[in-house]
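Student: What follows is each chain in one-letter form.
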Amino acid sequence: MDTLAKLDEVKTTPWAGGRSPFQVEYGKLMMWFFLLSDAFTFSAFLIFYGAQRFSKLTWPDPDLVFQSIPGITDTGAPLVFVGIMTFILIMSSVTMVLAVEAGHRNSKKEVVWWMVATIIGGFMFLGCQALEWSHLHHEGFWWGAIPSAEVVKGLGADAVSAQQFSNLFFTITGFHGFHVFSGVIINIIILIMAAVGVFERRGHYLMVEKVGLYWHFVDLVWVFVFTFFYLV
Amino acid sequence: MSTTENSNIEHAVEHHETMSKGRIWKVFFILLAITVIEFIIALAVPDTILPTAIKNFLYVALTLVKAFYIVAFFMHLKFEKYTLIVGITVSFIFIIFFIILMLTEGDYLNTHMNK
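As given, the protein sequences belong to chains A and B, one line each in that order.
Here the first sequence is numbered in the working numbering, starting from 79 and rising by one per residue.
Here the second sequence is numbered in the working numbering, starting from 59 and rising by one per residue.
One should not assume that every hint holds.
[Stated by the list, open to error] Each computed PhoX-like pair below joins lysine-lysine, with the alpha-carbon atoms no more than 25 Å apart:
1. Lys84/B with Lys139/B
2. Lys186/A with Lys139/B
3. Lys231/A with Lys113/B
4. Lys231/A with Lys173/B
5. Lys79/B with Lys139/B
6. Lys136/B with Lys79/B
7. Lys136/B with Lys84/B
8. Lys187/A with Lys84/B
9. Lys187/A with Lys173/B
Simulated from the structure, these hints should not be mistaken for laboratory data.
Computed from a predicted structure; not experimentally measured.
Generate coordinates for the entire structure from the input sequences, incorporating the hints supplied.
Tutor: This is the structure:
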């Protein structure tokens, strides 16, 4: 083998140029980069929440703050409602990944069906969050507002920690809820595109995978929000 | 241009055949089981048996396990190229640094600002 042939051989390694070293499609790699930056934003929120919680002498007891199931009971059911919300979101993540799987088989009908299921899950989650917010709002929590000193004391907190809890709860779950809402809108767009056969003509369902990544990320963030607001 | 695009797409499709329906449901049941364990720790185990500090440690550990399953299987990262996996996960070193930094700060404020 002469030297020239050897030089040509070097160019076939993944990082030698001329091909995608990650072997992912451009849009998908960009989605990963976006999600990484979004993960940093959410981490900053949650880490600030942790720092606040560490710095305060008291903190509202989550088992006492979140103990209602809207429409069923106002007290005595800690974690149940948020458990339902978590289940809905994990479930919609499953339907999303099933849509991606159907996309690999180029099965338009199944993609459409699973996307519809995912969107329904997203709306159900948003509805639950609206109920949760309105319940806390009726209790007296809001940005810059807390219930009476008596109620706050009953939750095991003081005015400062209750206010910080309230602000951070609405900001962080609000930011997450906004992500869910955007996700639902994007899912609807992709559903319409799948239904009218855009991806069928394109020959692949990579767009479903990309929005799938976003949707799973929203689920991932909720796993952390759930742990730090409701369990710890 | 279009040839490179197509070859990339083919590669991507090639990689994705590892996530079957059975596997999807398996991951779902793992996630569900971990959440149920978290609920049991929170509701059924009194603080006298398991101190709050240990409980909190368990919650965070179980959450990280859940995060692994979502990212590795649902987001398919486990089946991507090794360099991509490393590139994304190593970035989280900044978040770990930030956690240590901010929690130390919070702890300091707890002892010094509340006097």
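Student: Decide, hint by hint, whether the structure agrees.
Tutor: Taking the hints in turn, this is what the structure says about them:
1. A hinted pair counts as satisfied when its Cα atoms are at most 25 Å apart, and lysine 84/B with lysine 139/B qualifies at roughly 23 Å.
2. Annotation: proposed proximity of lysine 186/A to lysine 139/B is violated, straight-line Cα distance about 28 Å (limit 25 Å).
3. Simply put, lysine 231/A and lysine 113/B have alpha-carbon atoms about 24 Å apart, close enough for the 25 Å limit, and the pair holds.
4. At roughly 20 Å between alpha-carbon atoms, lysine 231/A and lysine 173/B fall within 25 Å of each other, so this suggested pair holds.
5. Taking the CA atoms of lysine 79/B and lysine 139/B, the gap is about 22 Å. The hint holds against a cut of 25 Å.
6. A hinted pair counts as satisfied when its Cα atoms are at most 25 Å apart, and lysine 136/B with lysine 79/B qualifies at roughly 17 Å.
7. Pair hint lysine 136/B plus lysine 84/B holds up; C-alpha atoms about 16 Å apart against a cutoff of 25 Å.
8. Of the pairs offered as hints, the one joining lysine 187/A and lysine 84/B holds, with about 24 Å between alpha carbons and a cut-off of 25 Å not exceeded.
9. A C-alpha spacing of about 65 Å is found between lysine 187/A and lysine 173/B, which places the hinted pair above 25 Å, so the restraint is violated.
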